[in-house]
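Asker: Each of the two chains sits in its own frame; use the hints to bring them together as a complex.
Each protein sequence line maps, in turn, to chains A and B.
When you number the first sequence by this note's numbering, it's gap-free, plus one each residue, and the end is 649.
When you number the second sequence by this note's numbering, it's gap-free, plus one each residue, and the end is 1265.
Everything labelled a hint here was simulated from the structure, so no lab data went into it.
We put the beta carbon where it would ideally sit given N, CA and C, even for glycine.
Keep in mind that the hints are not guaranteed to be accurate.
Sample of chain A residues with no beta-carbon within 10 Å of chain B, all distances over it, derived [claimed, not checked]:
hint : residue
1    : Ile29
2    : Lys118
3    : Thr257
4    : Glu406
5    : Lys428
6    : Gln613
With a Cα cut of at most 25 Å, we get these calculated PhoX-like pairs of lysine-lysine [to be verified]:
hint : chain 1 : residue 1 : chain 2 : residue 2
7    : A       : Lys25     : B       : Lys1145
8    : A       : Lys136    : B       : Lys1005
9    : B       : Lys1145   : B       : Lys1198
10   : A       : Lys118    : B       : Lys1198
11   : B       : Lys1157   : A       : Lys263
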Amino acid sequence: MQTTFPRLMLDHAARRPQAAALREKVYGIWQALSWGDLAVLVRHLSGGLAEAGLQRGEHVVVVGENRPRLYASMLAVQSLGGVPVPLYQDAAIGEYIFPITNAEVRFAIVEDQEQVDKLLELRGPCPALTRIWFDKSRGLRNYSEPGLASLDSLVDAGRAWDTAHPGAFEATVAAGQPQDVAAMFFTSGTTGNPKGVVHTHFTLLNRADAGARFDKLTAAEEVLAYLPPAWIGQNIFSCAQWLACGYVVNCPESTGTVMIDLKEIGPTYYFAPPRVFEGLLTSVMIRMEDAGRIKRGLFHHFMNVARRVGPALMDGKPVGAIDKLRYRLGDFFIYGPLRNTLGLSRVRVAYTAGEAIGPDLFTFYRSIGINLKQLYGSTETAVFVCLQPDHEARADTVGVPIEGVEIRLTDSGEILVKSPGLLKEYYKNPAATAEVLDADGWYHTGDAGFLDASGHLKIIDRAKDVGRLIGGPADGAMFAPKYVENKLKFFPYVKEAVAFGDKREKVCAFVNIDMEAVGNWAEKRNLPYAGYTDLAGKPQVLELIRECVEKTNADLARDELLAGSQISRFLVLHKQLEADDGELTRTSKVRRGAIAEKYRPLVDAMYGGAAEQFIEIAVKFEDGRSGSVSATLKIVDAKTFPAVTRKAA
Amino acid sequence: MAQRKIGEVILDVKNISLRFGGVKALSDISFDVREHEVRAIIGPNGAGKSSMLNCINGVYTPQEGNITFRGQTFSHMNSRQVAEMGVARTFQSLALFKGMSVLDNIMTGRNLRMKTNIFQQAIRMPFWSGAAEREESEHREVVEKIIDFLEIQAVRKTPVGRLPYGLQKRVDLGRALAMEPQVLLLDEPMAGMNVEEKQDMSRFILDVNDEYGTTIVLIEHDMSVVMDISDRVVVLDYGKKIGDGTPTEVRANPEVISAYLGTRH
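Chain B extracted, bound-state conformation (with noise of 0.2 Å):
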């Protein structure tokens, strides 16, 4: 089986806590994810993860706590900062344009790396020299790698509103790929999903670590995918960490098992 190499800490997150005013959504996290690794963040509903993979994205500026990434501390993050420095993320409820294809969609993933203005965009003529036809076709060429990596050549230019929902899902991995991120975040990449589905992903993401190195934080809760996939996991509660380990220490935890199963009182 696959040897991946697992690097340095890349993401060190130390002591975040969040408050929606008397709501503690996260009350002092700390974990890290080291390079190529898969980093599953679990937990039952409420318990946090969203929040904390938006506070690793910039969405929600966390009270405490700083963020560690490459060495470069913050204490709160911006999304297009993020962005920038090569973390992306999917979205628990897709965030894709309906009506646009496929392709564009992926294409729009690649935004944040066209240096072509949108004058020289939109008006092309020749004493531009074509810079933005150079740039779209070489832009195109990762985005057809994407396609081809993730099999949706057949639905290449359906727009996506038509598509079944794993579909969708895969084609808002791709458009997270299209960045070319070393971190990937996913939020729920399989929620919703049939079994069928649920493998295929499975094994994209394994693919997408094991082919492009992408370092990836996935929240999930179906307990057995995140076991079969991930090198590490945390488990959050009421925006408490109640376990950190590997799959197998994870799930010999006592606070693991009686936050998923209860406990008898």
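So here's chain A without its partners, still in its complex pose (with noise of 0.2 Å):
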């Protein structure tokens, strides 16, 4: 698309003036503003901004909640070819420092009070930082702090600024070009400073123009925008696709109230990561329980018939008229019923990404009747690469490239993207830049993936992750750690799992169960158990991992890339990781180089052949104390089968 964000809002204006653009909840009712009233107010905005002294290529904070002065604070900025800098609205004080100084900022636009005291408390250590402009001025009314001023003011500044300046701002905006810079979008690194990924309006636009053609969105979609605006996504789905198709972007009342506006809103077109579709499907089942008898029967009996039939339906495949007729009184007692519950009645089109999901959620999803489909991209590919076509949703692969999108894969299995949607450059920091752009235009990814019989893409780690098996029946194959353990850990008993096997001759894993869900398991079996560490070393227990791991092993098999994968011997821990012990990262990810030297002793045990082995550990409790907790663990053999070569279609 050769055009830019500001050309593409002033074109709905011109050509739907009393269409909705934005939605907010206030006072408990839904007010819409129209594009006509959209475009009047970037005009002042960017009126406003031009006064202030806004440059061309300049870098504007925008932190906050969605809210439609925010976005149109971003568009007022993007008018006059400045570059809004969206920041995430939880982010503790100091994870602004980098980000402000990096980018040069003067001027940022703020949601409230909040995002008021944190950035005036960074004016220390970012002088340059001048001019701060707020949504809401609730309680900022005695605030008295140079450079502090209500976005009203902004708006009465800019509307006299326009009056006194004709033509100034549609000559700004016609000198926005689709290669100058749009956004940028600080990535949180793990390691070292966040970079800033700097797109065009030409490579967000793109794309949003591509996924929008893939899934034949148009200007009748309903979007919730709920997920951090610093985000890509949220700034692909409800600003670069909402002017692209023209939909309308609704913002919820407050985070508390997502759910709720949800099910008013009743989007077409809606995004989550799995963890929230994982978070309302528990919530359905505990309801579900608590129901009366005939309602949990009815319950049970239909969704098994959507187990067996929803999928096929969704995929487009014949089913048989009786299971037709099944699916059809299900979807009247049931599916709809729970889809409406859900939010979900009206959605067209729901994409997750993020991380893995587990098969069961996904089926569940789209055995209801919602199109829940998998895409794949990063801040850096504008999103959008790989996405589902509606008839060919699986759970374990995200999709086929896209238009405009070319896949290659390195000898190590990394993933190479070529798009037109790739970022610019990382900001000030070509070092990185050229660590993942290579001259040829390659994105490198840093993921590990292949691309299956079908066409599909499949992601397995990040390449930097994938070891290799050495010696022993499986020499030479690929293991791929998070791959296996992320298969365990959609048994609902398992909750966190480590496998070992790079330069290895078979791969061994650590098991931590889910006291939750084991805990349930034993009550019902009256199997009594003293707390975690006794629970965790029930031989009853260990039996009922194993069952895990084997089924695991039976997925793993079919995968030729993958069967060397398989867990031959495995332990059950006595100890949860825990983040403050060093074993999971903050955001709960497994450090598995860590935990292989804290527990060294039982790994080496565990490829040593002994069946059980002792080990004490420190450990630090809740109030900071320290001591140390042992155990003798016992190590469980597991079957594994023969890898199933798929026969020459």
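Answerer: Here is the structure:
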């Protein structure tokens, strides 16, 4: 698309000024802002910013929830050729210092008192930050800091400026080119400083448009903007695609009301990370368990029908007439009302991404008639790289490369992407840019994966974590620890898993049981236990986990590339892995290296063939004291399966 | 920080004595409350704090003394009259309709300000030209602003009985605010709350005072909270006033210290 964000906005305003562009629930009522009114608001905001002296190419920080006036502010910045830099609204003060200094930010537009307080505190470390405007004035009436003002006052100033400079707004919008920088997103680096990912109008709008064409999105879509605007996905769904398609973006009343607002709006195009879908399902299941016997019976009966028939119907495969009728009945009694309760009854296209989604979870949503699909992309690729076509959604792939995307795999299995939506650069960081963007224009994703027989991309792990088995029956086979761990974690009884196998002859694993799920399981069997350690050591529990491991192995055996990664021995750890003990990252990812080091005797015992092993390790208790826990752990052998080689089709 | 303008004396309590038979609940209490200030009444259990509030509120009639509100002096108040004059209160033990939604509960606070009568509200006929509807949506707007202010949008339609205690307290405050009072009497707004809930409540009390300019009289026995948020403090003990002044003055008052911590005999 050879255009820019502000030009698209003006286009909509000219073609259909009365149509709703944004909606926000204020004082309990959904209030719409039309394209025409939006254009006027943007014009005034940009006038105010022009008067404040915003330069072409200058960065403006935007911090807050999804609010119409913050969206308008971003468009106003872009109108003047400036670059909005959305930052995470829940970040700690210290996390803002790097982006604000790195991007030489003078101006910030924020939502409320909370953000104002944070930015005012930053004036010490970031002296360049001179002007701050806020959307909601509550609690701020007595602030008299210089440079602090309300968005209302910016609009007023802009209105006056606009009258004094007729035609200036049109001229500045016309001067903006598709190749100009449109926005910058800071990626939360796990190590070192975050990196500012620079995107142009062209890269964002090109991908937005390709995605919209792929799913045939129209101006009639309803979208709920509830994820942080600093995340590029939210920006694509509620800015780039919003302008490309001209649909309505709805802003929830508050973070606490998202589920209520979802139900009221009934979005047609919806995105949520897997944990949101999981939370929704859990709440349904809990409420269902409390329901009366007839309702519960009906629910379980028709959910069985859905499991059998639903996915096939969704994938457009032929289904017997009787099954179709049953499904129709189920739809009337259960699925329809359920979709409505979830707020997903109007969903035409729903996406999930970010982490692996469990097959049961994924199938559940598809079986009740929600077109849930997966996508693959990142901040650097402006999201859309691979998408699943409507009838080919699967839990273990992320879809096919869409229009404009080329995919290549390196020998080590890393995925390389070429697409019109690739980042322009990392801001002021040519070394990092050169690391990911090579001379031929391939972007190195850092993910390992492969294209399966039907052309779908399958992600298995981060490329740097993928190893090889050496010696043993599966010599030289690829070992993807996260892939194996995720498969294990899809079982409700498994809370955490750590797989070892790089440069070893076979795969062994540590398992953490899920206290709640296994505890319930034990109670139902009248199995008494004293606490976590006791429960984790019960022979019955080891047997239960062995079944999970063997099912995982059977599943892995079906995969030619990863059949070697089957788990031959495992043990159930006597303590839960904790971030406080340095075993998990703060975002709950296992730190495989640190764990292997800490539990070296256990790892050695698993590979040495011992049947049990004593271990004593230091732990930190929640009140800050340290102590040690010790236990003798049994090591269990699990059955592995011969690889099933796919018959040549 | 906030520079509120504390104005003239709005409420003046003079020589109040209250007896229940032979029990002297209050003896000869005098203090005043200035416009826009946060005035706290503190004291150990049984000091007479709630009795004092009930006298101002018109629930109890003191045997001696009088109360001057906005220049008008009364020897006894009646609750409805007090409410009409712009004094609202919250209760130590919540006085909410458990089965009704948050919205409806707060709406009850608008009762005094409704002009249409019960028949107009119950029978909605076109020939009444929709006065009740118009009025309801006006009241609803006020209520919605309070809901927004207290950040309870997510439970707008939830029956109050299903809410945690801290939130119920907030709804109780909302109901009192719905009267758009000039003086707000808060009876132990933070009783039974955990630290986080107390912090939230303190913030809301200060915000009410700041945004609406409401004069606040609050009873509390958690000293730390009171000292942080009030402008002036009255200390009662066994029905007698033993201290009056700014938090710093009160904290240094030996009688107050002995009432709270005891004295060595």
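Asker: The structure should be examined with respect to each hint, and the outcome stated for every one.
Answerer: Hints and how they fare:
1. Residue-level check failed: Ile29/A sits 8 Å from the nearest beta carbon of chain B, not beyond 10 Å.
2. Every CB of chain B is more than 10 Å from the CB of Lys118/A (nearest about 17 Å), matching its label as outside the interface.
3. Not every CB of chain B is more than 10 Å from the CB of Thr257/A (nearest about 5 Å), against its label as outside the interface.
4. Against the 10 Å criterion, Glu406/A stays outside the reach of chain B, whose nearest CB is about 46 Å from its own CB.
5. With a closest Cβ-Cβ approach of about 38 Å to chain B, Lys428/A is found to remain outside the 10 Å limit, as its non-interface label requires.
6. With a cut of 10 Å on Cβ distances, Gln613/A stays outside the contact zone with chain B, its closest approach being about 44 Å.
7. With a CA separation close to 12 Å, the supplied pair Lys25/A and Lys1145/B stays within the 25 Å bound.
8. Restraint check for Lys136/A and Lys1005/B: satisfied, since their Cα atoms lie roughly 23 Å apart, inside the 25 Å limit.
9. Distance check on the hinted pair: Lys1145/B and Lys1198/B sit about 22 Å apart at the alpha-carbon level, within 25 Å; holds.
10. Taking the CA atoms of Lys118/A and Lys1198/B, the gap is about 23 Å. The hint holds against a cut of 25 Å.
11. Pair hint Lys1157/B plus Lys263/A holds up; C-alpha atoms about 14 Å apart against a cutoff of 25 Å.
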